[in-house]
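Working from the sequences, and respecting the hints, build out all of it.
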Amino acid sequence: NAGVMQNPRHLVRRRGQEARLRCSPMKGHSHVYWYRQLPEEGLKFMVYLQKENIIDESGMPKERFSAEFPKEGPSILRIQQVVRGDSAAYFCASSPLRVLQETQYFGPGTRLLVL
Amino acid sequence: DQQVKQNSPSLSVQEGRISILNCDYTNSMFDYFLWYKKYPAEGPTFLISISSIKDKNEDGRFTVFLNKSAKHLSLHIVPSQPGDSAVYFCAASASYGGSQGNLIFGKGTKLSVKP
Chain D
14 NAGVMQNPRH LVRRRGQEAR LRCSPMKGHS HVYWYRQLPE EGLKFMVYLQ
64 KENIIDESGM PKERFSAEFP KEGPSILRIQ QVVRGDSAAY FCASSPLRVL
114 QETQYFGPGT RLLVL
Chain Y
1211 DQQVKQNSPS LSVQEGRISI LNCDYTNSMF DYFLWYKKYP AEGPTFLISI
1261 SSIKDKNEDG RFTVFLNKSA KHLSLHIVPS QPGDSAVYFC AASASYGGSQ
1311 GNLIFGKGTK LSVKP
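As given, the protein sequences belong to chains D and Y, one line each in that order.
This note's numbering numbers the first residue of the first sequence as 14 and each following residue consecutively.
This note's numbering numbers the first residue of the second sequence as 1211 and each following residue consecutively.
Think of the hints as simulated: they come from the structure by calculation, not from any bench.
C-beta atoms are modelled at their ideal positions from N, C-alpha and C, and glycine is treated no differently.
There's no promise every hint is true.
[What the hints assert, rightly or not] Some chain D residues flagged as far from chain Y (calculated, every beta-carbon gap over 12 Å): (1) Val-17; (2) Arg-26; (3) Gly-55; (4) Glu-65; (5) Gln-94.
[Unchecked claim] Reference excerpt, derived from the structure (chain D facing chain Y, CB under 7 Å, subset only): (6) Glu-54; (7) Leu-56; (8) Phe-78; (9) Phe-104; (10) Thr-116; (11) Phe-119; (12) Gly-120; (13) Pro-121.
See below:
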């Protein structure tokens, strides 16, 4: 049973370009979470999605960031017109159910570097 | 405003001895706590969790203690092994409220176990 998959593992973009980060949850998991880790910081919640629905985007910057989890295919975190401050590690996690006290399992992350 | 605090950025322990990692939280709505272990360039790996209805949970060499009145939890690793060297993140979630289920992370403690 494969774990959470993320690609690419490393992404380099110039300021103003778009970054697309992909996440395939574990088999049987229908809940996806995105977190961002800045250098020397803990992980910060960004968005929680179920298939075709954004449930909670309270941690997502209001502009330039968007997320989707289509019926078919991976979840996508999109960052438009990237700036240097977007450089971070972006982690995706998944869980099978949105029940009380369900453990989230993390992917290896995508390290975004904005030049 | 940090809701989950890990006040020790680093900890060094001799192999075979006990490692104690500490975590404090401020939000009394948190009722589920987790510890994740993270190696460089990898995603966090779930280690152990505890519900607020318990004060102790044990899994092999790892034990988590929860003191609700002090809003404090700790992770004990005994005996410590060199392979335990990693960054350990404490995380908390609330079963109810607007952001239920979203994990709030501390900044991590880097554990070094010396042979």
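Results for each hint:
1. Val-17: Violated, because the least Cβ-Cβ distance between Val-17 (chain D) and chain Y comes to about 7 Å, which does not exceed 12 Å.
2. Arg-26: holds, 19 Å
3. Gly-55: violated, 4 Å
4. Glu-65: holds, 19 Å
5. Gln-94: holds, 27 Å
6. Glu-54: holds, 6 Å
7. Leu-56: holds, 4 Å
8. Phe-78: Interface hint status for Phe-78 (chain D): violated (16 Å vs cutoff 7 Å).
9. Phe-104: holds, 5 Å
10. Thr-116: holds, 5 Å
11. Phe-119: Hint holds; Phe-119 (chain D) Cβ to chain Y Cβ min 4 Å, cut 7 Å.
12. Gly-120: holds, 5 Å
13. Pro-121: At about 5 Å, which falls below the 7 Å cut-off, the nearest Cβ of chain Y leaves the hint on Pro-121 (chain D) intact, so it holds.
Violated hints, in rising order: 1, 3 and 8; the structure is consistent with all others.
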